[in-house]
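The task is simple: from the sequences and hints, build the whole structure.
Note that full-length UniProt numbering numbers the sequence shown so that position 12 is 12, with each residue one more than the last.
Think of the hints as simulated: they come from the structure by calculation, not from any bench. Computed from a predicted structure; not experimentally measured. Be careful, since some hints might not be right.
Computed cross-link-like contacts, SDA-like style, restricted to lysine to any residue with a CA-CA straight-line distance of at most 25 Å [what the hints assert, rightly or not]:
id : residue 1 : residue 2
1  : Lys25     : Thr7
2  : Lys167    : Thr157
3  : Lys20     : Asn275
4  : Lys49     : Glu251
5  : Lys331    : Asp375
6  : Lys355    : Ile379
7  : Lys331    : Leu84
8  : Lys355    : Trp372
9  : Lys369    : Gln303
10 : Lys65     : Gly180
11 : Lys20     : Val2
12 : Lys239    : His178
13 : Lys239    : Leu26
Simulated DEER-style distance windows between Cβ atoms [as the list claims (entries may be wrong)]:
id : residue 1 : residue 2 : range
14 : Arg222    : Val277    : 12 to 20 Å
15 : Pro35     : Gly129    : 55 to 63 Å
16 : Gly180    : Gly129    : 45 to 53 Å
17 : His86     : Arg119    : 16 to 24 Å
18 : Gln124    : Arg347    : 54 to 62 Å
19 : Val2      : Gln127    : 54 to 62 Å
20 : Pro35     : Glu11     : 25 to 33 Å
21 : Glu273    : His132    : 45 to 53 Å
From the three backbone atoms N, C-alpha and C, an ideal C-beta is built for every residue, glycine too.
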Amino acid sequence: MVMGSATPALETLHNVQLGKYRQLKLTQRAGNAKPAAQHLIDLKGLPLKVGLSQPLLKSMQHHLKNGNQVMLFLNRRGYAPALLCHECGWIAECQRCDRYYTLHQNHRQLRCHHCDSQRPVPHQCPQCGSTHLVSVGVGTEQLENELTPLFPDTPITRIDRDTTSRKGSLEQHLADIHRGGARILIGTQMLAKGHHFPDVTLVALLDVDGALFSADFRSAERFAQLYTQVSGRAGRAGKQGEVLLQTHHPEHPLLQILLQQGYDAFAKQALAERNSVFLPPYTSHILLRSDDHDNQQAPLFLQQLRNLLEASPLKDESLWIMGPVPALQSKRGGRFRWQLLLQHPSRRVLQQLMKSSLPLIGTLPQARKVKWTLDVDPIDS
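As structure tokens, this is what we get:
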């Protein structure tokens, strides 16, 4: 079996360290492609026009003037991530999820990107009656709308789930890019990897700060992979490429190591950090999830399950159990979500513990009142 990736998962690299996998590296870019120049734009104190700083706009004009294409990466579809009442502070929130509605201005809709519920944009605030409703934040739809008057003679294309939902639409967008019909490319992670755009010489990541501060211990790895893949779109046909990152935290260690030393150095440091705090791949996890409609049965079921595991003769001092606690997104689709995390240095011990406990779980008092799942070595929290 051969696996190929410019950004292998930390679990894969750990298997290389253990001698389970053999790693072969490609040390040069394909053909005569040159490494892209990488720069940080410190946003502190800078005026922004639809999320774009003046240094970025100036660089865009330079690359477009030279007949090249520009790619703007913003992993946030829709017009804006929230709709706010300026008078009382009310925010349009999905009643079925623990999340705000996303404003889709072109369709005059509020959409939940988690349960797919939709509602019309209100004409006035349902809380105070004010008509002063404003959008908060920038999505790809707004970026496209606002860039059109800034670059009136430059064709723009947007690639995200909203513009590629119809059959064949993605292929049409990509064909337009390859024949040079579009000069400014706006996209979400759909554009991050697997595409060859020979005329793209500037790639800009507009908002990276959200990835720098997260409760998920895998977020740094995901951002490092995403950044490496996105930056790889610049300068792929012998032209000098440039990558710009907009951030309020240019001194952040994650950004510094990625720009100065690359993904391999990041992965080496990240593995050392995880080893020091006993996180995967140096330990194994099993995540038990449960959800209900009243926010009472799920935590009760998981507590009963924890008591069952604590009483198992297979439990040893190396087993660590956390929870039950609410999931990072505590409500989705009208159901309240809870989880119980098991950690042990040995995957085999965890599997034996769960194998012996599974027949007993169905006998727990709340087992028939909730939905529950078991995830071995979970990727998502």
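Now for the hints, and whether the structure bears them out:
Between lysine 25 and threonine 7 the CA atoms are separated by roughly 11 Å; this keeps the pair inside 25 Å, and the hint holds. In summary, the hint linking lysine 167 to threonine 157 is supported, as the alpha carbons are separated by about 17 Å, within the 25 Å threshold. Among the hinted pairs, lysine 20 with asparagine 275 is consistent with the structure: their alpha-carbon atoms are about 18 Å apart, no more than 25 Å. Straight-line distance between C-alpha atoms of lysine 49 and glutamate 251 comes to about 23 Å, which keeps the hinted pair within the 25 Å bound.
Between the alpha carbons of lysine 331 and aspartate 375 the distance comes to roughly 19 Å, so the proposed pair stays at or under 25 Å and holds. For the proposed pair lysine 355 and isoleucine 379, the alpha carbon gap of about 21 Å is at most 25 Å, so the pair holds. A C-alpha spacing of about 21 Å is found between lysine 331 and leucine 84, which places the hinted pair at or below 25 Å, so the restraint holds. A C-alpha spacing of about 16 Å is found between lysine 355 and tryptophan 372, which places the hinted pair at or below 25 Å, so the restraint holds.
Distance check on the hinted pair: lysine 369 and glutamine 303 sit about 14 Å apart at the alpha-carbon level, within 25 Å; holds. Our distance criterion of 25 Å between C-alpha atoms is met by lysine 65 and glycine 180, whose separation comes to about 14 Å. With a CA separation close to 13 Å, the supplied pair lysine 20 and valine 2 stays within the 25 Å bound. Using a Cα cut-off of 25 Å, the hinted pair lysine 239 and histidine 178 holds, with the two alpha carbons roughly 16 Å apart.
Restraint check for lysine 239 and leucine 26: the C-alpha separation of about 20 Å stays at or below 25 Å, so the hint holds. The hinted range of 12 to 20 Å is satisfied by arginine 222 and valine 277, whose Cβ atoms lie roughly 18 Å apart. The hinted window of 55 to 63 Å between proline 35 and glycine 129 holds, with their beta carbons roughly 57 Å apart. Checked against the hint of 45 to 53 Å, the pair glycine 180 and glycine 129 passes, with Cβ atoms roughly 51 Å apart.
One distance hint, 16 to 24 Å for the beta-carbon pair histidine 86 and arginine 119, holds here, with the actual separation near 20 Å. Under the hint 54 to 62 Å, the C-beta atoms of glutamine 124 and arginine 347, about 56 Å apart, fit the expected range. As the Cβ distance of valine 2 to glutamine 127 is approximately 58 Å, the hint placing it in 54 to 62 Å holds. Between proline 35 and glutamate 11 the Cβ separation comes to about 27 Å, which falls inside the hinted range of 25 to 33 Å.
A C-beta distance of roughly 47 Å is found between glutamate 273 and histidine 132, which places it inside the suggested range of 45 to 53 Å.
The structure shown violates none of the earlier numbered hints.
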